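Trainee: Work the whole structure out from these sequences, hints included.
From first to last, the protein sequence lines are chains A and B. Going by the working numbering, the first residue of the first sequence is number 1, and it counts up by one from there. Going by the working numbering, the first residue of the second sequence is number 1, and it counts up by one from there.
Keep in mind that the hints were calculated from the coordinates and are not lab data. These numbers come from a predicted model, not from an experiment. Certain hints may be false.
[What the hints assert, rightly or not] EDC-like mimics (lysine to aspartate or glutamate), calculated; alpha carbons at most 16 Å apart, straight line:
{"hint": "1", "chain 1": "B", "residue 1": "Lys84", "chain 2": "B", "residue 2": "Asp49"}
{"hint": "2", "chain 1": "A", "residue 1": "Lys293", "chain 2": "A", "residue 2": "Glu322"}
{"hint": "3", "chain 1": "A", "residue 1": "Lys43", "chain 2": "A", "residue 2": "Glu62"}
{"hint": "4", "chain 1": "B", "residue 1": "Lys84", "chain 2": "B", "residue 2": "Asp115"}
{"hint": "5", "chain 1": "B", "residue 1": "Lys16", "chain 2": "A", "residue 2": "Glu62"}
{"hint": "6", "chain 1": "A", "residue 1": "Lys220", "chain 2": "B", "residue 2": "Asp113"}
{"hint": "7", "chain 1": "A", "residue 1": "Lys16", "chain 2": "B", "residue 2": "Glu5"}
{"hint": "8", "chain 1": "A", "residue 1": "Lys125", "chain 2": "A", "residue 2": "Asp115"}
{"hint": "9", "chain 1": "B", "residue 1": "Lys27", "chain 2": "B", "residue 2": "Glu89"}
Protein chains: 2
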Amino acid sequence: MQNFEYCTPTRLIFGKGVVERLPDVMKPLGKKVLLAYGSGSIKKLGLYDKVKNLMKDFEIIELANIQPNPKYDPSVLEGVRLCKEHQVEVILAVGGGSVLDCTKAIAAGAKYDGDPWDLISYKVKAQAALPIVDILTLSATGSEFDSGGVISRTETNDKIGYLDPLLYPVCSILDPTYTFSVSKKQTAAGCADAMNHVMEQYFVEDSTLLNDGFCEAELKSLMVNTRACLENPEDYRARAEMMLCCTYGCNRILSLGNSPSGWPCHGIEHALSAYYDITHGEGLAIITPRWMKHILNERTVDRFVKYGVNVFGIDSTLGKFEIAERAIDETYRFFESIGIPMHLREVGIDDSRIDEMAHHIAINEGLEQAYAPLTEKDIKEILLASL
Amino acid sequence: MQNFEYCTPTRLIFGKGVVERLPDVMKPLGKKVLLAYGSGSIKKLGLYDKVKNLMKDFEIIELANIQPNPKYDPSVLEGVRLCKEHQVEVILAVGGGSVLDCTKAIAAGAKYDGDPWDLISYKVKAQAALPIVDILTLSATGSEFDSGGVISRTETNDKIGYLDPLLYPVCSILDPTYTFSVSKKQTAAGCADAMNHVMEQYFVEDSTLLNDGFCEAELKSLMVNTRACLENPEDYRARAEMMLCCTYGCNRILSLGNSPSGWPCHGIEHALSAYYDITHGEGLAIITPRWMKHILNERTVDRFVKYGVNVFGIDSTLGKFEIAERAIDETYRFFESIGIPMHLREVGIDDSRIDEMAHHIAINEGLEQAYAPLTEKDIKEILLASL
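Mentor: Below is the structure:
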């Protein structure tokens, strides 16, 4: 077991109707609020009007049109400009993980005099950040309970995850009913994202019975509840449990003391969505079983056996490679069964830029230090197998 | 799934050698420190000298001799007096859950003009508290990661659990090597305490796959690792995993969204240790299987089946009451196997005050609202069965 340090100070307010608490949460944080949201789904939900109404005693500056795989230019830059111009005191993110990730970069950038990219690229350490509150409308990234975000910079094909303890949301308001209208496609992609967050913490050299059990519970719950959400999008219990599962995804509570994994599937997928702007969760679902097949060997097989037996209930008396291969097949088939396109070609990616992406990943993601080390050649093989 | 609110802002610093971080943790909190500890085991450990040496730039006021089942008089009262007299700015608790619980009452009492019992008994809501840092030397209560404490008042036989969000430790320093010298008796009692914390959250009307999986992972890990600690007290991995398991015991992370259970075994045990000052974990281990037997019925049997199959691996094809009864037997046998005296008489409790205790519990613990409601008659039967 490795030494670790952990602190997640975010307050979670969870359940039906909790958005009513918004004014009480915001009051101590400031009067001037940047309201950040995406392409308008919060207006269809009625949540935009609800928030504006609840916040009528505040001064609201709006940043709309934050896109999936949120962009440095224009969203982060525009948000930072608005915060500085209006002396914003607190950011309210309403939407999914992309909106929230974007506001994390804005929160730090607003308190920094130089180019915000200096912070995102770790050239400069942030000294302060605006406080963030969020109302979540999509279960997926876990950004509501962690200190990180992922930002894309189109002109350089960079998609960078950055972390700073200053960026934990002060409060995340989680009402599962706001996820009732999430499409089947986004529900499935959110599940794949969350499942992969767990797997990135589970497939490691050194873990504990406790953490393994936490991760296995997450994976089983995500599969059962995603199926239930797809069957009945207004199944409150299923939407609620899925939301909580996703919330635990990235703040390390599932793997405290584990050795690092290198987050290889995320490393590979970030290039896919940087180059092709695909849905992150779909990219992860496509990569995951190919990555698993690629790294399965004498050294890693026991983790796959544990995964297969405890998550999928595969007969533990079978041979270990048979269990491992069945577990990988089950993983693939689960993603397929929830409607995810399981080939890169189906999401518009052909072989024309595989070499370039493999090179970009190899030099930027540090995957030679991953649990199962990946060279540029390994990455290329995984990408080719995913076509 | 129930609505909930959650926030645990405590910073955990975990692992071998992390006590060296103490001065950096303490510096921002103040110069005048109340150093609180128990009956001297930290001196035998060398931890007292280590702490004094690390803290040589601070002004240290000492409160020693805090007892297990920490007492309002003298410990809390004396601590509050010292804090006020010396204008203490921060409390450093070094020891187990009893020391830490005691300092929580002191932290609130030091910032209150009246009788600290007003706060503990919820007559008055605390408005402020001194910050607390702890160095833990015993895995058991989870007080290092929650906002509660339990205080005993001898003259009235009260043992009261009180909670206040002001009382989360600012930082808990958790070095498993300081638990190497914990006796077999205290190791087993700590395990029973932590297991019961999990069970009090698991046996509820309304739970989730996720929370059930978390709880089952905790229980399995606690059993395996306690056995390993008893076999080899210096097994770092086992001590470390046990420490982390215990840390999650009482801050609700294992049961967010679950319906309340009423914590019945704690309600009953608090009277036992208030009247007889027995070891809390031993009292819980004795009560738990008798409570289980008492509440097993058509309404509750399915929870016991889940518990039996998932925690003890009992054959799921057996009849449900057979599984449930085997699960209760396994619980009893596990506690017995780690050396816990499993009868009240073995810890010095006879039948002379059973009526009085049952009455005290019935009027003070609200167990008619528990998951399986308990009247005074039920409580008396559980106590008699535990003799």
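Trainee: A separate judgement is required for each hint: does it hold in the structure or not?
Mentor: Going through the hints against the structure:
Restraint check for B/Lys84 and B/Asp49: not satisfied, since their Cα atoms lie roughly 26 Å apart, outside the 16 Å limit. Proposed proximity of A/Lys293 and A/Glu322 is supported: the alpha carbons are some 12 Å apart, at most 16 Å. Distance check on the hinted pair: A/Lys43 and A/Glu62 sit about 13 Å apart at the alpha-carbon level, within 16 Å; holds. Straight-line distance between C-alpha atoms of B/Lys84 and B/Asp115 comes to about 13 Å, which keeps the hinted pair within the 16 Å bound.
For the hint pairing B/Lys16 with A/Glu62, the CA-to-CA distance comes to about 48 Å; that exceeds 16 Å, so the pair is violated. Restraint check: the Cα-Cα separation between A/Lys220 and B/Asp113 comes to about 52 Å, which exceeds 16 Å; the hinted pair is violated. Annotation: proposed proximity of A/Lys16 to B/Glu5 holds, straight-line Cα distance about 12 Å (limit 16 Å). For a cut-off of 16 Å, the pair hint linking A/Lys125 to A/Asp115 stands: about 12 Å separates their Cα positions.
Among the hinted pairs, B/Lys27 with B/Glu89 is consistent with the structure: their alpha-carbon atoms are about 11 Å apart, no more than 16 Å.
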